[in-house]
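Here the protein sequences line up with chains A and B, keeping their order.
Going by the UniProt record's numbering, the first residue of the first sequence is number 1, and it counts up by one from there.
Going by the UniProt record's numbering, the first residue of the second sequence is number 1, and it counts up by one from there.
In short, the hints are calculated from the structure, not lab data.
Glycine residues also receive a C-beta, built at the ideal position from the N, C-alpha and C atoms.
Among these hints, one or two may not hold up.
Partial selection, computed: residues in chain A whose CB lies under 10 Å from chain B [stated by the list, open to error]:
# : residue
1 : Ala37
2 : Leu57
3 : Gly75
4 : Asn79
5 : Ala99
6 : Gly171
7 : Gly180
8 : Phe282
9 : Met308
Chain B regions said to be covered by chain A (calculated; three or more residues, Cβ under 8 Å) [said to hold, decoys possible]:
#  : region
10 : 214 to 225
11 : 245 to 255
12 : 271 to 279
13 : 395 to 405
14 : 438 to 449
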Amino acid sequence: MLRYTVRRLIQLVVVVLVLSLLVFAWLRALPGGPVSALLGDRGTPESRAALSAQLGLDQPIFLQYFKFLGRALTGDFGNSTTVQPGDTVVEIFLQRFPATIELSLFAIVLAVLAGIPLGYLAARRRGGWFDNLSVGGSLVGVAVPVFFLAYLLKYIFATELQWLPSLGRQGDIEATRVTGFFVLDGLLTQEWDAAWDAFLHLLLPAVALATIPFAVIFRITRAAVLDVVNEDYVRTAESKGLLGSVIRRRHVLRNAMLPVVTTIGLQVGALLAGAVLTEKVFAFQGVGEALALGFERRDYPVLQMFIMVAAVIYVLVNLLVDLSYALIDPRIRAR
Amino acid sequence: MVHSRTARRRWTAAIGLTGVAALALSACAQSERGTDSSSGSGKTGGTFTFGAAGAPKLFDPFYATDGETFRVARQMFDGLTTFKPGTAEPVGQLAEKWSSSSDGLTWTFNLRKGVKFHDGTEFNAAAVCANFERWYNQKGAGQSDAVSQYYGDNFGGFSDGAKPSLYKSCSAKDAATAEIVLTSSTSKFPDILGLPAFSMQSPDALKKYDADNVQAQGESFVFPAYATEHPTGSGPFKFSKYDKANGTVELVRNDDYWGEKAKVDKLVFKIIPDETARKQALQSGDIDGFDFPNAADWDSLKKDGFNVQIRPAFNVLYLGINQKNNPKLRDLKVRQALIYGINREQLVKSQLPEGAKVATQFIPETVGGYAKDVTEYKYDEAKAKALLAEAGASDLTLKFYWPSEVTRPYMPNPKDIFGAISADLQKLGIKIEVTTKPWNGGYLTDVDQGVPDLFLLGWTGDTGSADNWIGTFFGNPANRFNTGANTWGTDLATALKKADAEPDRDKRFKLYEDLNKKIMTEYLPAIPVSHSPPALVTKSSVKGIVPSPLTDERFYSVSVS
Chain A
1 MLRYTVRRLI QLVVVVLVLS LLVFAWLRAL PGGPVSALLG DRGTPESRAA
51 LSAQLGLDQP IFLQYFKFLG RALTGDFGNS TTVQPGDTVV EIFLQRFPAT
101 IELSLFAIVL AVLAGIPLGY LAARRRGGWF DNLSVGGSLV GVAVPVFFLA
151 YLLKYIFATE LQWLPSLGRQ GDIEATRVTG FFVLDGLLTQ EWDAAWDAFL
201 HLLLPAVALA TIPFAVIFRI TRAAVLDVVN EDYVRTAESK GLLGSVIRRR
251 HVLRNAMLPV VTTIGLQVGA LLAGAVLTEK VFAFQGVGEA LALGFERRDY
301 PVLQMFIMVA AVIYVLVNLL VDLSYALIDP RIRAR
Chain B
1 MVHSRTARRR WTAAIGLTGV AALALSACAQ SERGTDSSSG SGKTGGTFTF
51 GAAGAPKLFD PFYATDGETF RVARQMFDGL TTFKPGTAEP VGQLAEKWSS
101 SSDGLTWTFN LRKGVKFHDG TEFNAAAVCA NFERWYNQKG AGQSDAVSQY
151 YGDNFGGFSD GAKPSLYKSC SAKDAATAEI VLTSSTSKFP DILGLPAFSM
201 QSPDALKKYD ADNVQAQGES FVFPAYATEH PTGSGPFKFS KYDKANGTVE
251 LVRNDDYWGE KAKVDKLVFK IIPDETARKQ ALQSGDIDGF DFPNAADWDS
301 LKKDGFNVQI RPAFNVLYLG INQKNNPKLR DLKVRQALIY GINREQLVKS
351 QLPEGAKVAT QFIPETVGGY AKDVTEYKYD EAKAKALLAE AGASDLTLKF
401 YWPSEVTRPY MPNPKDIFGA ISADLQKLGI KIEVTTKPWN GGYLTDVDQG
451 VPDLFLLGWT GDTGSADNWI GTFFGNPANR FNTGANTWGT DLATALKKAD
501 AEPDRDKRFK LYEDLNKKIM TEYLPAIPVS HSPPALVTKS SVKGIVPSPL
551 TDERFYSVSV S
C-alpha cells in the first residue's frame, strides 16, 4: 500500500512538470496575451513593443519557461494581469479555493444524499412508477447542460420568485472572515445571519452543480443494487431467514457501494469542470470563475497556475479513490 | 412578486428544511448585534449597489488605465477641474477658477478653501504641486504605458528627459493659488485635469503608503499598499474595503465633504463579469444598476419597469484601413470607393441602437472643431465601382478583421456590423478574406502590427478636445492606419500638433475644422462609420444619475428609495 502510494506520488510530480511545459507552450502559442490585456485599445505599436520588452515577453520561449520554472520553485507563479490585476495568482487561488470547495462539497453531499437512497429505492421497486419516473428524470439530469440548468434555476428562483439571491457568495451584510468558507465562518463566529445568508447564496449554484453527479450516482446505485440483489449470497441470506434490514445493510448496500464510491470520486473530479460554468453564471468568486475569466481575458499567469493545480487535484482525487477502494474491499488491500 | 431582500430571506426560510429554526436564530443574531448594515437603519440613505463587469485594477487612479478602476475612483477623488454633469465641458472642482497667460504656457489655478483629504490633511497649493511633481517624477515601472498610460498620452515624458514633457513646473504662490508652467501650449489644458487619472491625492498618504513603489513582476505589475488599500482623495465617498473573496468594493459617505454630500451611506460595486448575470442580478434585485446593457435588451428592460438612461453618443466606430500591405489602398480613389460602397445609413438603422447616427467625420458634433460642411459620402454603389475601375483595383482582395468575444460601446455587435460591411464590399466585387480573433486574443495585437487591411475599431472620448480624437488617431504617422505610407501622413501629424498648440480657442477650432475637412476629402485614412449612444440601467427606485457622455457619472447625487 505504501509503495503503491509513493509510486503514485512520483507519477504526480512528473505529470505536473510535463503539464507545466505544455501549458506554458500552449499559452504562448495562443495569439494575444498580457500586452493587449494591459494596454487595451489605447495601445500603440510603439507602446506594445516597449511593454513586451519590459515584461520579457520578447525573449526566447525556453528562456521564458526556465525563468518561470525558477520562480515557480520559490512559490512565485506570477501576478494576475486581468482577473484580479496585480494580485499574485497564489493569493487569488488561496482566496478563491474555499469558495469552490464549499460549493463542490455542498453539491456532492446533495448528490450523494439524494442519489444513493433514491437509487436504492428505484432498484427495490424496479419497474414501478417511481422507478420509471426517477430513471427518466435522471436521464434529463445528465442530458441538460449545467449552464442551462444554472440559468433556468436562477430565472425561476431568483428572478421570478425572488426567493434566493442570484449571484455572489454573500449579500450586503457584515461578516467576519476566518477560514474563507463563508457558511463555516458564520457558524464559527456565531454570526448566524451571515452563515444563513452564505447558505442561501450557496443553494442555487450547488443544486445546479449537483444535478449531473446526482443523476450519475442515482443510476450507478440503482444498477449496482439490482446486480447485487440477484447474487447468490443475498439469496442465501434471504433463505436463511435473516432480517430484511440486515440483508440490506450488510449484504446489499455494502457490496453495491464499491462502484458507487468510485463514481463519487470521479464525479468530484468532474465537479471542478462543472464549477467553471456554474461559478461563471452565479458570479460565485471561486477558482472556476477565475479560470473562465482568465481564458476570456488571456490572463496567462492565472491560467498557468490554475490549470496545473486542477490537474494535481484531479490526479490526487483519483489516488484517493483508488485508496478508498482498497479500504472498502479487503480483497484489494490483500493484493 | 416579493421584492425586498429581507422578504425574500423570510420566504426562503419558510420553505427551507431548517427554515423555522434558522429564522429564529438569525432574528436573535440581528437583535444582538444591532448593527446590521443591510437595513440601513437610523440614517437616511441606505446603499446603492452597482454591478461592475470586472475587478478594478487598483484604487490609485494615476496608475489606472481601465474603466472599472476609474468608475470607482470617480466617487472618491476630486480633480482641479471636472466635467459639467451630462456634458464634456470642463468646470472647476478643487479649482474655483483658472486663467492662462496669452501664450498658453502659464496656468494659474485659484483653489477652493477649506477642503480636506480623507486622512484629515489639508488640500492646498502645495498639495497640487506635490501631485504634479509625483506624476512627473515617476521612475522605472511607473513610466510604463501599461501603468501611467494617461500621463504618457497627455503629458508625454518624465523628469528623466528621455522624451519631451508637457509639464515644466509647479509653484504655490500662496496656499490657495497654484501656478503650473507648461513647455508648450496645448488644447488639452485644462480639460485633462478633470480625468480621474489626474485627481488630487493626499501627499501625506501617498508618502506614508509608499504610493510610487510600482514594480514589474513576471507578466504583470504589482502596486503598493496605497493603491490597493489606502487611496486618499477628497471626494464625496471614502474607501472602506475591497472584499476580494466576495467580489465587492465598498465605499462609504464622506461626511466632511466640502460640497454636496452623498445621499447614500454606502456605495457597493459588485463584480459580475458575465453580462447575462448582471442583467439577472438587476432583475432579481441583487444590484440597483449596471453599465452598458446590451442594446438588444433595452426595450425589454424598459418594459420590466427599469430605467434605461441613454448617454449622448460620444464615440466613433470606424472601419480602419491599413495602407501597409496592399499598395492599392494607398490610392485615395480606392479608399473613396470603400466609403461610397458601404451603406452606412442602412447599417446604422439595422444594426445600431436607437439614437445612433452616421458619422460624417472622426469626431462627434459636440467636440470643438467639428466641421459642418465636410465632404459627405452618400451610399453610391455605381460610383464606388467606377472609382475602383479608375484606380485599376476592380479585383481587390482585402484581409478584413473583426473582433470576437467583445462588445464595445461604439460597437454593440461586431459580428453583425462586420456582416453588413463585408456584404456591401462584396457587392463591389471586392474579395474578402475574413479573420476573427478575440479582442485580447490576438485582435488588437494584429491590428497594431498591421496584419489586416481592414478592421473594425473605435474610440470613446476622454475629453471634448479634438486632439483627444483625431490627434490620438493620426497624430503620429506610425499609427495603426500606417498613414506614414503616404507623404500626407507626416503633414497631417504636423498640422494636428500645430492645431493642438494654438492657444486661441476660436483659431484652434478653425484649424481643427479645416483639418477635419481635409481628412475627409484629401486623406480619408479610414472610414468613420457611426456614433452610438451607450446606456446605463437602474431600478426605477434609483434617482439622481446624470448620464455622462464621458461615462463620468458621479454617484453622490444618487438616492435609492
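Hints versus structure:
1. Ala37: holds (5 Å)
2. Leu57: holds (7 Å)
3. Gly75: violated (13 Å)
4. Asn79: Constraint on asparagine 79 of chain A satisfied, holds at 4 Å.
5. Ala99: holds (7 Å)
6. Gly171: holds (6 Å)
7. Gly180: This hint holds: glycine 180 of chain A lies near chain B, its Cβ roughly 6 Å from the closest one there, short of 10 Å.
8. Phe282: With Cβ-Cβ at 7 Å, under 10 Å, it holds.
9. Met308: Violated: closest Cβ of chain B sits about 15 Å from methionine 308 of chain A, beyond 10 Å.
10. 214 to 225: holds (count 8)
11. 245 to 255: Answer holds; 4 residues pass the 8 Å Cβ test.
12. 271 to 279: With 6 residues in contact (Cβ-Cβ under 8 Å with chain A), the coverage given for the region 271 to 279 of chain B holds.
13. 395 to 405: The restraint on the region 395 to 405 of chain B is violated, since only 1 of its residues have a Cβ under 8 Å from chain A and three are required.
14. 438 to 449: holds (count 11)
The structure shown violates the earlier hints numbered 3, 9, 13.
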